[in-house]
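Trainee: With these hints in hand, go ahead and build the complete structure from the sequences.
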Amino acid sequence: YTPLLETYCYNYTGDGGDCVSPTCDRFSEDGCDLGTDGNYDVVLVGKNFGPAGADSSMVSVFFDGTEVDSEDVTIISHTKLLLAIPAGAGGRIPVFVEIDSSGGTRSEVYESNRLSFAYDPPYISYVSPNTPNAEGDTLSVHGSNFGASEDDAGHIAVFIGGLRCESVTASDDDGSSSASIWQKSGSTIYLWCKTQRLTVGDQAVTVSIAGQNTSWDSADGV
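Yeah, the sequence shown ends on 326 if you go by my numbering, and it's all consecutive.
Source of the hints: derived by calculation from the structure; they are not laboratory data.
Each hint should be verified, as a subset may be incorrect.
As the list claims (entries may be wrong) - Computed spacing ranges between beta-carbons, pair by pair:
#1 214 / 289: 43 to 49 Å
#2 108 / 133: 52 to 58 Å
#3 132 / 238: 26 to 32 Å
#4 217 / 191: 22 to 28 Å
#5 173 / 254: 22 to 28 Å
#6 161 / 132: 37 to 43 Å
#7 183 / 240: 55 to 61 Å
#8 137 / 266: 27 to 33 Å
#9 127 / 290: 33 to 39 Å
In this text, a Cβ means the ideal position worked out from N, Cα and C, and glycines have one as well.
Mentor: Here it is as structure tokens:
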């Protein structure tokens, strides 16, 4: 039988009960606990995954185009698969399942439909300095879900007052010839950039990570 993916959830308790995701605000500080660091489980819900405890090597899960290690996939039941989520970022990440019913020869492989997974979007906690020079200044933007690595973060963009905040260069802040916007100091990940000339007053701050955006309005911005 062809496997069917219907949804995913992330509050499975292992008691065999229903798998219903809780109501949460993805744009809040805590989000839905689907952070870009990964290293947590979600349950794929659907049909025709095989019986509980079946050999997981018969099931292949593809996440964002890459096959997930079989050790990170567990068959809970005919309708549920436990999947360990890797570090990443963004939304609309394709997930699908293949079932090999041939005993490992892959002569009979059935592929499911695609399901979209989304990490929690970036969240801005604070910006430093909070009162930058309107002629242009270097800023650090702090928060969460900026990606566990620069590669994971994908496309990164910061806008202050609707204008792109550019990479810091040596002439700006004695940095390297062109420093990355994505920065890590110890365990702290933050974004570092140079503002353009701005009008005096509150400015909205917008961060985009792998196509997911978050903003402070002008009352909360710099």
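Trainee: Each hint should be assessed against the structure and marked as holding or not.
Mentor: Cross-check of the supplied hints:
Look at residue 214 against residue 289: about 48 Å separates their beta carbons, and that is inside 43 to 49 Å. Between residue 108 and residue 133 the C-beta distance comes to about 35 Å, which lies outside the given range of 52 to 58 Å. About 31 Å separates the C-beta atoms of residue 132 and residue 238, a value consistent with the hinted range of 26 to 32 Å. The beta-carbon spacing between residue 217 and residue 191, approximately 25 Å, falls within the hinted interval of 22 to 28 Å.
With their beta carbons about 23 Å apart, residue 173 and residue 254 fall inside the hinted range of 22 to 28 Å. A C-beta distance of roughly 39 Å is found between residue 161 and residue 132, which places it inside the suggested range of 37 to 43 Å. One distance hint, 55 to 61 Å for the beta-carbon pair residue 183 and residue 240, holds here, with the actual separation near 56 Å. Take residue 137 and residue 266: their Cβ atoms lie about 32 Å apart, and the range 27 to 33 Å holds.
About 34 Å separates the C-beta atoms of residue 127 and residue 290, a value consistent with the hinted range of 33 to 39 Å.
The structure is inconsistent with hint 2 alone, although it conforms to all the rest.
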